[in-house]
Amino acid sequence: MTRVLIADDNPKNLYLLEAILKGSGYDVVPAKNGAEALARAREAPPDLIVTDILMPVMDGFELCRQWRADALLKTIPFIFYTATYTDPKDEAFALGLGADRFLTKPQKPDVLLHEIRDVLAGNGGKPQGAKGPEGRNEMEVLRQYNEVLFRKLDKKIQELETEIAERKNAEQQRELVIRALEHKNDELARFTYTVSHELKNPLITIQGFAGMIEDELARGAPEPARLTEHTKRISAAVDTLASLLADLLKLSRAGQSTYQMAPVPVRTVIDEAIALLSHCLAEHHVQIEIAPDLPVVPADHARLREVFLNLIENAVKFRGSQENLIITIGTEQAAGGRAFFVRDNGSGIERAYLGRIFNLFEKLDADTPGTGVGLAIVKRIIEVHGGKIWAESEGPGTGTTFWFTLPVRNPGTLPEVP
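In our numbering, the protein residues as written are 65 to 482.
Derived from the structure by calculation, the hints contain no laboratory data. Remember, it's a predicted structure, so these values are computed and weren't measured experimentally. Some clues are possibly wrong.
[Claimed, not checked] 25 Å max Cα-Cα, derived BS3-like pairs, lysine-lysine: (1) Lys138 <-> Lys96; (2) Lys76 <-> Lys138; (3) Lys232 <-> Lys219; (4) Lys76 <-> Lys172; (5) Lys153 <-> Lys216.
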């Protein structure tokens, strides 16, 4: 039976190669490195050796050099089988040391077995003119050996540097994701608390007046006027609850990623918003001034209309005692895109509250109609578009300006926004 010595420091590779050879009828002797393979070969010379190159104690190149210098082993066929040394210079050096074949991993079993049979049969050995170590200057062999090792070491360092850089980047991304999740968790906790608090108010009202109706009915002396008043309070609370739920649904949809982005003429969107509010604007004699140079921007048409709808409606709600409300809509260039503004000469906002008005259910005036969700919806829509929104006011009686940005593809060099 043909005896094949195999050397590889990777147990899986060694097991696979042994299984292939044994399955084809070869007697297999395994070794974990070049030194062990050389010792076993000297104890009982094999008919062929198949060896990896990158191994501890003694690598495949040194094994081949000593193999060809050994009087007992030098005529035994030698095959390199490697996944690490794949450069043409590596193959040239290996064949120059006296190897009969230089094969790269992985090979299909039938291809590998064909090569082994070919070498055992003495066919297709070393290329014509290839020299073994005995015909070469020892210093030249050492120089080439060092060159191969340094080239492989340099490549390995580059691979390690790339791997380290990729791991650092992955770690940074992981940290960013963790921080984002922590922020979202905090935001969700605040949202849950706020929503539960706001929903409790109308429910408490409903429960309270329903209890009063039950008490009056139980006493058997209900007053129709009082019952009517109680039911009106209950109906009002139900309406408030329905409005809250409807606005919360809008807020949820505002944060979804299913936006239909397309070129949108801003003037068209504003005209649509004004048309939807035409009755309200006419009732309060609101004058709207629109800049003539409004651009076309990449946006979700319906969501952008909702932004202007909320901002215009907000200006009307908070007009205060202003009987001649003027709303001005325009645009300016800004870093990264366009900055749009909706400015009014209404009641204004104290500077201390400018950072709070976009919070959920934040109402500076409890008597003003609405749920306090509108500006939160606007903020969410603008952020999904990749922009930012803020408000400016000099205080009560000075009016308010709402600004928001929308990114563009080629913004150029533009002034920063706050």
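Legend entry - Hint consistency between Lys76 and Lys172 [alpha-carbon to alpha-carbon, up to 25 Å]: holds (16 Å)
Inset, instruction - For the pair supplied as a hint, Lys76 and Lys138, confirm whether the alpha-carbon distance does not exceed 25 Å. - result: Violated, because 29 Å separates the two Cα atoms, which is more than 25 Å.
Inset, instruction - Measure nothing beyond the straight line between the CA atoms of Lys232 and Lys219; if it is 25 Å or shorter, mark the hint as holding. - result: holds (20 Å)
Inset, instruction - Could you grab the alpha-carbon distance between Lys138 and Lys96 and see if it respects the 25 Å cut-off? - result: holds (21 Å)
Legend entry - 25 Å Cα cutoff - pair Lys153, Lys216: holds (11 Å)
Violation of the numbered hints given earlier is confined to hint 2; every other hint is satisfied by the structure.
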